[in-house]
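Chemist: Read top to bottom, the protein sequences are chains V, G and L. All residue numbers for the first sequence refer to the numbering used here, where the first residue is 988 and numbers rise by one. All residue numbers for the second sequence refer to the numbering used here, where the first residue is 6 and numbers rise by one. All residue numbers for the third sequence refer to the numbering used here, where the first residue is 267 and numbers rise by one.
Keep in mind the hints are simulated off the structure, nothing from the lab. Quick reminder that beta carbons are idealized off the backbone N, C-alpha and C, glycines included. Check each hint, because a few of them may be wrong.
To be verified - Going by beta-carbon spacing under 7 angstroms, a handful of chain V positions derived as facing chain G:
no. : residue
1   : 1030
2   : 1119
3   : 1188
4   : 1193
5   : 1196
6   : 1211
Claimed, not checked - Here chain V is said to cover these stretches of chain G; the calculated rule only asks that three of the stretch's residues, wherever they fall, bring their Cβ under 8 angstroms from a Cβ of chain V:
no. : stretch
7   : 61 to 70
8   : 80 to 87
9   : 128 to 137
10  : 184 to 198
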Amino acid sequence: MAQKQTAKKGKRKKDLHALAVFTRGIIRENSLFVLLLGMCPALAVTSSLETGFGMGLLVIFVLTLSNIVVSLIRKAIPEEIRIPAYIVVIATFVTIVGLLTEAFAPALHESLGIFIPLIVVNCLIMERANNFASKNNVVLSAIDGIGVALGFMLALMLIGGTREFLATGALAYGVYLPLPLEGSIINAGLTLFQMEVFVGPAGGFIVIGFWLAVFKAFELYNKRKKKEARDRWIEKKKKEAAERKRRKAMESAGGSA
Amino acid sequence: MSPTVFFVAIISAMLINNVVLLRFLGVCPFLGVSKRSETALGMGGAVTFVMVVGSVLTYLIYYYVLEPFEITYISTIAFILVIASLVQLVEMFIKKVSKKLYKALGIYLPLIVTNCAILGVAETNIREGYAEEFGVMSGLGVAAASAFGAALGFTLVIFAFSSIRERLEAANVPAAWKGIPISLIVAGIMALAFLGLEGIV
Amino acid sequence: MVPAIVVTMLVVSLFFGTYIMNKRTPEPLEAEEVVDKESCTACMNYSCRYKIEETRGD
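When you get a sec, could you build the whole thing from the sequences and use the hints?
Modeler: Structure below.
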């Protein structure tokens, strides 16, 4: 009975760990905004919400599969050729993804252009292979891959959405992805205030810089809050200790008197 | 074919389609390494060499191996591995030959394997269709020229940026904007300036 | 299909060979802090990181 219970407990703990691995990559360790990985595609393919989403899907696919394979072969490959082996695995999956995109979403393939083969040199994928998948089991590695890539996709969509909205005053769908219908999620009709510079290269740099600063500001705010709370706690403990000391002194004084 | 073609290829790859600012290739070293001017120049030198030789090699492999066998779909895997091997060979050569050269350039070579600018320029050379336009052999010259121009553009931007970074260090920037965010805004303004060069060729 | 496999095997073995050869060539320099720390935080470049770990090791 007791054994069964501990087994159950152990399993639950593992599940919690898996959940932590999954959510960690989305916000707290967001690959783009917090770790600054994968800048090149983040600038180049985010001229609209949909291209960002499409690129994110491809990265989810490549990162999950490469994490799974790297984790499977982690004990088979000698230490010396670890990094070249990862490059070969990643390049294989990128080739597969490129061919699939060309077949099923030609418009997306056209608009992402050379940035599909360039997924190979995306630091994010190599980093996960080297630092996570090479040390953990298959299931965890797959979960980590999905989580981290999802965080990357959300970041791309945030940037793409901002740029598209500022440039066109609307967020369109169905243009690049093979969706059954075309339209727009938001259409503010701000044709007078369109700022076309934001679809261009300069807009990409400026929008990413802006969002990075926003994330940094949040981080600094949280840090300050935490520090204040800790200071308050220390202050309280100090007061309590002083109080205790005084009481003790009074007691001993009373006892002696 | 007149020499102006090469000249135009160099200028257009360097200024009009600048790799870092307008094609977003090699943003990582741009933001990371370029803090001191000498570092920027060393990086630029190493990138120039690998980019030109890598472009020539990948071009030859594409048109003399992959296309005759109709296996262009493995170009991604072939290109990245050839470029990575090239970097390994160059690094080994420099290690063996000269201490001084290794100190000046060798330390940047490992950074280059994952530099998307090298692979990006190699891919672009194929996609621009120089071989169809000028013939395979002359196309090779144009591809090499545009790779050289792209590398010059990379060096130019990374060097200019390192000088700006030195001034930024002293500037009074709000805490949240310090470091990479303000650098990106500066890069955005530089990109705007480069947009103005669009009409030269 | 066959030429694709042959060419892939060729480039893969070329890369593995050069990589191992390069790794076995000793560095002529004393260990020194090779790249700005910031370049590693900027893109977590794996090669730059392993370079720094290597130099930090000794």
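Chemist: So, residue 1193 of chain V near chain G? Judge it on the closest CB pair being under 7 angstroms.
Modeler: 4 angstroms, holds
Chemist: Do three or more residues from the stretch 128 to 137 of chain G put their C-beta atoms closer than 8 angstroms to C-beta atoms of chain V?
Modeler: Held - the stretch 128 to 137 of chain G has 3 residues with a Cβ nearer than 8 angstroms to chain V, which meets the minimum of three.
Chemist: Under 7 angstroms, Cβ to Cβ, is where residue 1196 of chain V needs to be relative to chain G, so tell me if that hint holds or is violated.
Modeler: Holds: closest Cβ of chain G sits about 3 angstroms from residue 1196 of chain V, inside 7 angstroms.
Chemist: Would you check whether residue 1211 of chain V satisfies its interface hint, that is, whether its CB is within less than 7 angstroms of any CB in chain G?
Modeler: Not OK, violated: residue 1211 of chain V not within 7 angstroms of chain G, min 10 angstroms.
Chemist: Holds or violated: the hint that residue 1119 of chain V contacts chain G, with Cβ atoms closer than 7 angstroms.
Modeler: 17 angstroms, violated
Chemist: Please count how many residues of the stretch 80 to 87 of chain G have a CB within 8 angstroms of a CB from chain V and say whether that reaches 3.
Modeler: As far as the stretch 80 to 87 of chain G goes, the hint holds, because 6 residues have Cβ atoms under 8 angstroms from chain V.
Chemist: Go through the hint on residue 1188 of chain V and say holds or violated, using the shortest Cβ distance to chain G against 7 angstroms.
Modeler: Cβ of residue 1188 of chain V sits 5 angstroms from chain G, so the hint holds.
Chemist: Closer than 8 angstroms Cβ to Cβ for three or more residues is the test here. Does the stretch 184 to 198 of chain G pass it with chain V?
Modeler: Answer holds; 11 residues pass the 8 angstroms Cβ test.
Chemist: At a Cβ distance under 8 angstroms, does chain V reach at least three residues of the stretch 61 to 70 of chain G?
Modeler: With 0 residues in contact (Cβ-Cβ under 8 angstroms with chain V), the coverage given for the stretch 61 to 70 of chain G is violated.
Chemist: Let's test the interface hint: is any C-beta of chain G closer than 7 angstroms to that of residue 1030 of chain V?
Modeler: 4 angstroms, holds
Checked against the numbered hints above, the structure breaks hints 2, 6 and 7 and satisfies the rest.
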